[in-house]
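**Q** Fit chain A to the known structure of chain G by using the hints.
Read top to bottom, the protein sequences are chains G and A.
First residue of the first sequence? That's 1 in the UniProt record's numbering, and the numbers climb one at a time after it.
First residue of the second sequence? That's 1 in the UniProt record's numbering, and the numbers climb one at a time after it.
Simulated from the structure, these hints should not be mistaken for lab results.
You can't tell identical chains apart in this list, so a pair holds if it fits in one copy or across any two.
Below, computed lysine-lysine pairings styled on DSBU-like, alpha-carbon distance capped at 30 Å:
no., residue 1, residue 2
1, LYS229, LYS76
2, LYS240, LYS93
3, LYS229, LYS68
4, LYS93, LYS81
5, LYS240, LYS119
6, LYS168, LYS229
7, LYS168, LYS93
8, LYS441, LYS301
9, LYS395, LYS168
Protein chains: 2
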Amino acid sequence: MVRKLPRAALLAAIAALPFTSITAAATPQQGSGVAWDIVEGLTTEIGPRIAGSEAEARARAWADAKLKVLGFSNVKIEPFKANVWQRGPEHAKLTAPYQQPLAITALGFSVPTPADGLKADMVYFPTLAALEAAPQGSLKGKVAFVDHAMRRAQDGSGYGPYGNVRRKGPSIAAQKGAAGIVIRSAGTDSHRNPHTGATAWAEGVTPIPAGAVSNPDADLIARIAERGKPMQIDMTLMGKPNPGAPSGNVVAELPGRDPSLPIVLVACHLDSWDLGTGAIDDASGCAIVTAAALAAQKDGKTLRTIRVLWSGNEEMGMNGQGGGTHYAEMHGDEPHAVAMESDFGADNVWQVKNNFAPTNKALADKINAALWPMGIVPHPGETEGGADVGAIIAKQKLAVVDLGQDGMHYFDLHHTPDDTLDKVDPATLQQNVDAWTAVLKVIANEPGEIAEGVGG
Amino acid sequence: MVRKLPRAALLAAIAALPFTSITAAATPQQGSGVAWDIVEGLTTEIGPRIAGSEAEARARAWADAKLKVLGFSNVKIEPFKANVWQRGPEHAKLTAPYQQPLAITALGFSVPTPADGLKADMVYFPTLAALEAAPQGSLKGKVAFVDHAMRRAQDGSGYGPYGNVRRKGPSIAAQKGAAGIVIRSAGTDSHRNPHTGATAWAEGVTPIPAGAVSNPDADLIARIAERGKPMQIDMTLMGKPNPGAPSGNVVAELPGRDPSLPIVLVACHLDSWDLGTGAIDDASGCAIVTAAALAAQKDGKTLRTIRVLWSGNEEMGMNGQGGGTHYAEMHGDEPHAVAMESDFGADNVWQVKNNFAPTNKALADKINAALWPMGIVPHPGETEGGADVGAIIAKQKLAVVDLGQDGMHYFDLHHTPDDTLDKVDPATLQQNVDAWTAVLKVIANEPGEIAEGVGG
Numbered sequence: 001m002v003r004k005l006p007r008a009a010l011l012a013a014i015a016a017l018p019f020t021s022i023t024a025a026a027t028p029q030q031g032s033g034v035a036w037d038i039v040e041g042l043t044t045e046i047g048p049r050i051a052g053s054e055a056e057a058r059a060r061a062w063a064d065a066k067l068k069v070l071g072f073s074n075v076k077i078e079p080f081k082a083n084v085w086q087r088g089p090e091h092a093k094l095t096a097p098y099q100q101p102l103a104i105t106a107l108g109f110s111v112p113t114p115a116d117g118l119k120a121d122m123v124y125f126p127t128l129a130a131l132e133a134a135p136q137g138s139l140k141g142k143v144a145f146v147d148h149a150m151r152r153a154q155d156g157s158g159y160g161p162y163g164n165v166r167r168k169g170p171s172i173a174a175q176k177g178a179a180g181i182v183i184r185s186a187g188t189d190s191h192r193n194p195h196t197g198a199t200a201w202a203e204g205v206t207p208i209p210a211g212a213v214s215n216p217d218a219d220l221i222a223r224i225a226e227r228g229k230p231m232q233i234d235m236t237l238m239g240k241p242n243p244g245a246p247s248g249n250v251v252a253e254l255p256g257r258d259p260s261l262p263i264v265l266v267a268c269h270l271d272s273w274d275l276g277t278g279a280i281d282d283a284s285g286c287a288i289v290t291a292a293a294l295a296a297q298k299d300g301k302t303l304r305t306i307r308v309l310w311s312g313n314e315e316m317g318m319n320g321q322g323g324g325t326h327y328a329e330m331h332g333d334e335p336h337a338v339a340m341e342s343d344f345g346a347d348n349v350w351q352v353k354n355n356f357a358p359t360n361k362a363l364a365d366k367i368n369a370a371l372w373p374m375g376i377v378p379h380p381g382e383t384e385g386g387a388d389v390g391a392i393i394a395k396q397k398l399a400v401v402d403l404g405q406d407g408m409h410y411f412d413l414h415h416t417p418d419d420t421l422d423k424v425d426p427a428t429l430q431q432n433v434d435a436w437t438a439v440l441k442v443i444a445n446e447p448g449e450i451a452e453g454v455g456g
Numbered sequence: 001m002v003r004k005l006p007r008a009a010l011l012a013a014i015a016a017l018p019f020t021s022i023t024a025a026a027t028p029q030q031g032s033g034v035a036w037d038i039v040e041g042l043t044t045e046i047g048p049r050i051a052g053s054e055a056e057a058r059a060r061a062w063a064d065a066k067l068k069v070l071g072f073s074n075v076k077i078e079p080f081k082a083n084v085w086q087r088g089p090e091h092a093k094l095t096a097p098y099q100q101p102l103a104i105t106a107l108g109f110s111v112p113t114p115a116d117g118l119k120a121d122m123v124y125f126p127t128l129a130a131l132e133a134a135p136q137g138s139l140k141g142k143v144a145f146v147d148h149a150m151r152r153a154q155d156g157s158g159y160g161p162y163g164n165v166r167r168k169g170p171s172i173a174a175q176k177g178a179a180g181i182v183i184r185s186a187g188t189d190s191h192r193n194p195h196t197g198a199t200a201w202a203e204g205v206t207p208i209p210a211g212a213v214s215n216p217d218a219d220l221i222a223r224i225a226e227r228g229k230p231m232q233i234d235m236t237l238m239g240k241p242n243p244g245a246p247s248g249n250v251v252a253e254l255p256g257r258d259p260s261l262p263i264v265l266v267a268c269h270l271d272s273w274d275l276g277t278g279a280i281d282d283a284s285g286c287a288i289v290t291a292a293a294l295a296a297q298k299d300g301k302t303l304r305t306i307r308v309l310w311s312g313n314e315e316m317g318m319n320g321q322g323g324g325t326h327y328a329e330m331h332g333d334e335p336h337a338v339a340m341e342s343d344f345g346a347d348n349v350w351q352v353k354n355n356f357a358p359t360n361k362a363l364a365d366k367i368n369a370a371l372w373p374m375g376i377v378p379h380p381g382e383t384e385g386g387a388d389v390g391a392i393i394a395k396q397k398l399a400v401v402d403l404g405q406d407g408m409h410y411f412d413l414h415h416t417p418d419d420t421l422d423k424v425d426p427a428t429l430q431q432n433v434d435a436w437t438a439v440l441k442v443i444a445n446e447p448g449e450i451a452e453g454v455g456g
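Isolated chain G (complex conformation) (with noise of 0.2 Å):
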């Protein structure tokens, strides 16, 4: 449904708003500077900042200086908990029929391994389906292991059916008996770096250790498995659950016009994955959203305020203790225009969707209008708004824009140690922060209602 918000109520929430000071010597910094500054910075400064770390503290302390030298108003740390996990030393081997080292990686919220190893038969299912169908109790004592043929799509598209594999695959491997589970890597590249990711244990399970090898091993696990010889396997991974452990969100503000107005949202994520630096995943959304509000002010304030969220806990959130959800319980009762994201690489942006409704057909028209010079496109298919801005967006019904990033390369690098600052090219991730300011400066000064109509 198209969702209105009497304008009154709007003013009383803006004027509840937490605010802090703005820092005294605060000019914002704008051009093509300030996207690679931030990637460089914070993978350089800070690198691995996994959820409920210390150097996830470290990152938040290194966004509250950066956007107050930004020239961000309102910029504040916003503390809370949550229940994440922690790496621990983690190797494996083949031992039969063949002595084989494996790269492997333990996946989010797997229980340890006894220390000196689980040593176990080893099952090859070449699918999650196959895992499906094996019978009841026929793992028993035994590790599973799924392979699957993860393909490059340019929407990224098949990182939900075959990000399942890690999802739901330790889940159905635990419910049928198993002692553990080893998958192929979530990824699409050729490299000894294995995939890590958070799973998702189903209700009633019993956790069970659970890794992935990278593609050239699970290659590797797959000839020796069409030979028809039994497999041994002896896997540690000393990974574990590491609850109420402290995370937060920061947020910032670059002041509108007219503080009456819903304010426009621009979402990242600051926490990555420990065995990278989180170049791709996600410094580059944070300076994507921030470089491209402070642009889209370069001339001078924009009507609406802008406000940026560089959220804490979002690749373990997936339990509802992500800094998406934080955010909507401590802000779910202002009012909000529209949300945005940016968490998916710094590849060029190559479409555009939006859940307008009809209404703001012109709105829409002129956002198409002002990124087809750019050479992006219309969409028709469904917004995602993403982890960061799915709570609030579903808390208000939000309206939302999603900037489609070229995604043949993500999964290349998604969640392993390669996620580096290398991987970031400047020129595509200017081309981001032009397309973002190009979508800023309509939303930001569009005074008219902005609408979520496709459910509606």
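**A** Just chain A now, with coordinates in the frame of chain G:
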């Protein structure tokens, strides 16, 4: 000089060769599948096979069985002992000015750090020349970091100068009093897989712990060095020398029609570094020379015997204890006509070089003509032979033909965990086999003397 061996001496030497019996069911397998079968089998069923290890011994047994099945005669394992090195646990992190884990690996012949880590200030040197210019004693108690910038080259020519950072850098740092050294990997990729490889301690130098970080980690260190803040490292590299370890060569023959003629030797190495599975370094070399030897006899025996050498301990044989040296000791009195080696991956052959005497111009023309339809061009540069044939070439002043492979991507993978089967393209592997077959058909059917002449 051009060397002539009296025919009688050759016959006597041939008669003295240590023949083993030919297996009963020995029917040569030929065709496009042989080379792939060898690379696939060795990487799948053996995997990493560092010199001196049980895995290298398993690889010798595998090679012995495979060469017999393929129909080779006189298949023999020729064991020797060598002073090699074995890896231990290894990890490192920067502790100042920022906490950053580093993707590190020890260099071959490194000595161990304390088990709880070497904690030291780290000093940045942009080049090997800068390290050389450091004042004596200035590095006392410190770890030297040596950066550089290896670039791609089709003929692999960067490996000489850039490889010297690995070969010579540790000795230079030790001479300056350093407690340890870390180098940027001698590699051209951008993955978090450091490149190992042996260092060569200079006479009189007391070895120090020596490691290499991946290119993205070296980029990080360079960015931190630019900030001018003191760096500290905490590194644990437990690899240590492994003296008097068992290694060995595997030799096998396809007898020619005229056993009185000097043989054609084609070589590769069976050992690999331990981080990957030795697919391009050098299972593919063994696959190429072996498949080509078989293919050259497809239409009937060649005039000359073709001998294949799958050498042991190539990777750590720079101390004169490699398989090539052992081969020359064992077979230095047997007459050889030509020696050729394949040890530069599995990408396309694009050029050919020889060191023939002017008297063999017609033979050279014939080889070049055979390769011309494949787009392989003659190159006037010096032949290199390679580590596995270098000793016998030097001892007998042998004629050499070098089939130069495209090395643009070789140093992306060289000595890393990423040296796995998926990096070998069956089509380019077969192009190598075809090029080698064309050369062997000419050379192994040449009735006249084949003489080295460039040095004469």
